[in-house]
Amino acid sequence: MNNRIKEFRARDNLTQLDLAKLVGVRRETIVFLEKGKYNPSLKLAYDISKVFNLAIEDVFIFKNL
Amino acid sequence: MKKSIITFIIILIIIAGLWIFIPTQIFDKNDFLHSSFVLVLIIVLGLWVLYKRFISFKNGEPAEDELSKLVLQKSVSLSYYISLYLWLIVSYFSNRLNFETDQLIGYGIIGMAFIFVGSWAYFSLKGVDPKNL
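As they're listed, the protein sequences go chains A and B.
Anchor point for the first sequence: position 7 equals 7 in the numbering used here, and the numbering is continuous, going up by one each time.
Anchor point for the second sequence: position 65 equals 65 in the numbering used here, and the numbering is continuous, going up by one each time.
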């Protein structure tokens, strides 16, 4: 699963720490998400999308592994 | 943060207990150095974990989240798996080397602790690969 977190975070002028605080996770989690080294839970994906005022599928791109 | 304080108190109690009992049993200089090395490692690791928790607390981040829980879960499962081989090796050498049972169990437990720390560091730095879930 790819994501566009970094892109939308830059658009909204948010740091990794800001986003982490907004969705209630540690900064490392955002780092790993942006690097594609971790797939978030549905709740976290929903929370992140909500911060950017977008739908989950706009932020997260699902691919068959 | 409350959890970190409890963990810190437990670590302090364990260390205090070890310091009380070790000097009555250790007469050999090498054994004392060996025990001190293990104790220093435990203290350094404990302080490092506390420092990281403190930084997270200062930044307003939660002490634990879904990734840190997953990392811990993966570390525990991997270290358990590797520890099975460790105990196989320990049992193989127990008949061939001149070690006492207490020593073997002690080395085995220390080995398990090192394996756990190693696997935790591995997953903490590398992340949990979504393809391996």
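A hint or two may mislead.
As the list claims (entries may be wrong) - Think about it this way: if two alpha-carbon atoms lie no more than 25 Å apart in a straight line, the pair counts; the simulated DSS-like pairs of lysine-lysine are:
(1) Lys6/A to Lys63/A
(2) Lys21/A to Lys50/A
(3) Lys52/B to Lys37/A
(4) Lys74/B to Lys50/A
(5) Lys50/A to Lys37/A
(6) Lys63/A to Lys52/B
(7) Lys69/B to Lys58/B
(8) Lys35/A to Lys126/B
(9) Lys58/B to Lys63/A
(10) Lys63/A to Lys74/B
(11) Lys50/A to Lys52/B
(12) Lys35/A to Lys6/A
(13) Lys50/A to Lys6/A
(14) Lys74/B to Lys43/A
Source of the hints: derived by calculation from the structure; they are not laboratory data.
Computed from a prediction, not measured in an experiment: that's the story for all the values here.
Checked hints:
1. Lys6/A to Lys63/A: holds, 19 Å
2. Lys21/A to Lys50/A: Holds, because 14 Å separates the two Cα atoms, which is no more than 25 Å.
3. Lys52/B to Lys37/A: Given pair lysine 52/B, lysine 37/A holds - Cα atoms ~21 Å apart, limit 25 Å.
4. Lys74/B to Lys50/A: violated, 29 Å
5. Lys50/A to Lys37/A: Between lysine 50/A and lysine 37/A the Cα gap is close to 22 Å, so the pair holds against 25 Å.
6. Lys63/A to Lys52/B: violated, 35 Å
7. Lys69/B to Lys58/B: Since the Cα atoms of lysine 69/B and lysine 58/B sit roughly 20 Å apart, the hinted pair holds (cutoff 25 Å).
8. Lys35/A to Lys126/B: holds, 11 Å
9. Lys58/B to Lys63/A: With Cα atoms ~37 Å apart, lysine 58/B and lysine 63/A exceed 25 Å; violated.
10. Lys63/A to Lys74/B: holds, 24 Å
11. Lys50/A to Lys52/B: violated, 29 Å
12. Lys35/A to Lys6/A: It holds: about 9 Å lies between the C-alpha atoms, which stays within 25 Å.
13. Lys50/A to Lys6/A: holds, 15 Å
14. Lys74/B to Lys43/A: Holds, because 21 Å separates the two Cα atoms, which is no more than 25 Å.
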